[in-house]
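J.: Read off the chains here:
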Amino acid sequence: MGVTSLSDIETKIEGAPEGVHVAPKTVDDVVRVLRWATESGTPVRVWGGGTRQKLGHPPTPGIVLSTGRLSDIEVWEPDDLTVVAGAGIGVDELESRLGEKSQTAVLPEHPGAATLGGVLATGRASLRRARLLGPRERVLEVTMVTGDGRVVRSGGRVVKNVSGFDLHRAAIGAFGSLGVIVQVCLKLWPVPRASATISNADPESVSRITRPLALLETNDAWQLFAWGTPTDIDEIVAKTEGEGRAGLHWPEDPRGSYRWLLRVPPGRTAEAALRVRPWRFLAIHGSGELRLASEDVEGATDLRGWAEDIGGSLVLVDHPGEDAPLDPWGSPPSTLDLQRRLIAEFDPARIVNPGRLPGGL
Amino acid sequence: MAAIAELRDLLGSDRVLDDPLERRLYSKDASLMRGDPVCVVFPGDAEQVSAIVRIAARHGLPVIPRGAGTGLTAGASPMTGGIVMSMTGMNTIEIDPDNQAAWVGPGVINLDLSKQARPYGLHFAPDPSSQSACTIGGNLANNSGGPHCLAEGSTTSHVLGLEFVTADGQIHEVGGLAPDQPGLDLRALLVGSEGTLGIATRILVRLLPIADDVRTLLLDFPSVEDAARTVSDVIAAGMVPAALEMMDQRMVMAVENWLGAGLPTDAAAVLLAEVVGSTATVESEASIIAEIGRSNHARNVVIAVESEDRELLWKGRKSAFGAIAQLAPDYYLHDTVVPRTRLVETMAGVYEIADRHDLTMLNVFHAGDGNLHPLIAFDSSDEDVARRVKLAGEEIVDLCLSVGGALSGEHGVGVEKRDLMPSSFSALDLDAQARIKDVFDPDHLLNPAKVLPQGSRCFDFGGVRREVPEGAWV
Ligand SMILES: Cc1cc2nc3c(=O)[nH]c(=O)nc-3n(C[C@H](O)[C@H](O)[C@H](O)COP(=O)(O)OP(=O)(O)OC[C@H]3O[C@@H](n4cnc5c(N)ncnc54)[C@H](O)[C@@H]3O)c2cc1C
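Residue numbers (the numbering used here), protein chains in the order written: chain Y, 1 to 361; chain E, 1001 to 1474.
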């Protein structure tokens, strides 16, 4: 397909669909790829760790663009609690580096092969989100390459900034439609000295703990996660009458042929957990996010209907077949027209993950 | 004027004001810049906002949304004339304790929201020093901060959703109680857009539980450097206190003179720190901060436990800007942010600039965030002084940007900082911003000529928009 101009960065991406696979080494390479794609009208699938490639309506690519080589930690200022890293860095690698100085970027706890850019572009949150909020509250600066090959930066490398519109926050969960994320500055959080995972706690007393790090429910267990000073931890364990285990032992997401994300108003989390029961679930209390797994799609339409009625959503994250058995997103957002016009300014030929967003955007 | 007659038909004459005195009252915010509006309108709901916007569009009149007018960058000043839309009549509060949230009208006063939430054990975290006057709509539009945004983040982290009206009069709703609504997060763009993309007509905010226990510390230092180093050291020690604020000696003297909060006037700088959480946490964190302070030569450390004592300390801090009035008729202030590791050297540089221009500068700022507020008190009727104030301001911005800082941490860009935007962003970055404006408001009807300098849309040639760029500019 006449893409000799990209041959120097061609590669083979394990598990990716057929097409021209490229792994840019520099931001300029990304510019080159996207410009070529825009001129030729070739769809581009952006590939981080490949953990969310079935989410949404993934396009049949002409080009698969791996961010894997854009993976340096450019600056880490532990004393300022900020880090600047390439989009292709593995979340595991980044968090373990930060952990060396007892810091965290509050990214997903079991990321698998997921990359920083992938987690941000798909808007994946941490299990600590009820206390420390989602990824959009962690990004301070994003550099991205728009579909038509412009390098655009938004935000800054300081913890507070209102200069200009927050394009960097809008890029979270945008699947590259406003630009392929190439570099990110994150606000870090210090990890306190002591922590504990508390199980079999008395639910009544748990509800009296102010802002725990996380309160998680699965089909057969409740777990409270706490961090702070050693005295704090002892106190919380005593107060909740549970069994405390030192350290944070995060549960894995439920496994199954179909994986889903259910979002409801935070106050309806417990009700949602009851409702999804036959499926496996992991509910993040206080946030309204539930991660679900099932072996078939029976009941999905009803569950989605209920969720949408109360202002939430049910999103199909992964499925065994080629095509999703139902619309992965559900009802399209009411602001579709604004979203479409916005994307047109950043990706006029609509080549980065085209059609992948709700409403086929 | 035909537009005014139409507005009167819509709202009634008592909610459309156009006599010279009223127009003068609404001709500026708390900055130095004044405009001249055609009239001031007071809508009561989103439908009226939409109808007003349509009338304005038909007559080619800009619409300038306004909260309480406490903004510091001329965001609500009608510099291009037009209709000032005061949102203060839209001030309902519906607390939703089950979801720890509230739907509020944009005209709700910040402090009123926290007061109403208190019986539920909740509060609204962003607490600008102007919180007894400023509105949630203004907070949203400016993505305002406040002392307690250090740990909790600025307004954007507390806006779950909003209803807003675009320049074509359409009413939209984005976000909601459930997290991560599928599709683009337009809320992220609306918050902090300074009334240039849409007019917020209803806002869904997150409320946080009131902390179990609190300690407020006052540390006083023989030098600004010692105080600044304490800030850097506290952050470097892996702590994010609820608040970490600094005031220099001049500022403390002005405050003491005004309301006598008991702050030490002989200290070169004072730090106000607050820690929240369980009693065990606040006690241990307070003692660590005190220790770090002492190792940086703090002469005195007061730890306030009782709420009256803590409130008095805060009153001194939150009244700081008000205290300036005794010194000079005007003040000009910047709002740059620097990395916290560069605080000591930046502060030294900022003082050097003021001294060199022979200006009276006071400092009161959100030190924990690295968010400086160097404030120059002066008399704007003296042209030479006014010139030096502007010059010094530009040097301060340059200095802060040169150490990796940002132009504005919380006050916004408005008109005052607008033409400094190119010092922070490339032409392509600004072009991207200008495209966002064009999507929401193609005719630049909403708060025009704010935030982005003229010509930001660099690839617009004579109004012809090219569909597929050729890439000659990268
Ligand atoms: C003494 C003093 C202390 C201050 N302290 C702080 C502080 O600690 N932290 C901080 O961040 N700021 C501070 N400020 C600045 C100011 O108070 C904030 O920016 C505040 O949020 C502005 O609110 P307002 O209601 O006065 O808005 P206004 O000044 O009326 O308007 C501000 C901007 O918001 C837009 N706007 C208003 N309402 C709407 C709406 N409904 N929809 C869309 N756009 C709208 C306006 O067009 C304008 O661009 C201080 C100001 C003063 C005078």
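Bear in mind the hints are in silico, worked out from the structure with no lab data behind them. Ideal Cβ placement from N, Cα and C applies to all residues, glycine included. A few of these clues could be false.
Sample of chain Y residues with no beta-carbon within 10 Å of chain E, all distances over it, derived [stated by the list, open to error]:
| # | residue |
| --- | --- |
| 1 | S7 |
| 2 | E77 |
| 3 | E95 |
| 4 | E137 |
| 5 | K160 |
| 6 | N161 |
| 7 | L178 |
| 8 | W189 |
| 9 | S195 |
| 10 | P266 |
| 11 | I310 |
Residues from chain Y shown here face chain E by an in silico Cβ test under 7 Å; the list is partial [unchecked claim]:
| # | residue |
| --- | --- |
| 12 | G15 |
| 13 | A174 |
| 14 | G288 |
J.: Now tell me, hint by hint, if it's right for this structure.
T.: Hint check results:
1. S7: 20 Å, holds
2. E77: 6 Å, violated
3. E95: 16 Å, holds
4. E137: Given a closest Cβ separation of 5 Å, the condition is violated.
5. K160: 4 Å, violated
6. N161: 4 Å, violated
7. L178: The claim is violated: L178 (chain Y) sits with its nearest Cβ about 8 Å from chain E, within 10 Å.
8. W189: Given a closest Cβ separation of 7 Å, the condition is violated.
9. S195: 13 Å, holds
10. P266: 5 Å, violated
11. I310: The assertion about I310 (chain Y) is violated, with a minimum of 8 Å to chain E.
12. G15: Violated, about 25 Å.
13. A174: 6 Å, holds
14. G288: 5 Å, holds
This entry does not satisfy hints 2, 4, 5, 6, 7, 8, 10, 11 and 12, going by the numbered hints stated previously.
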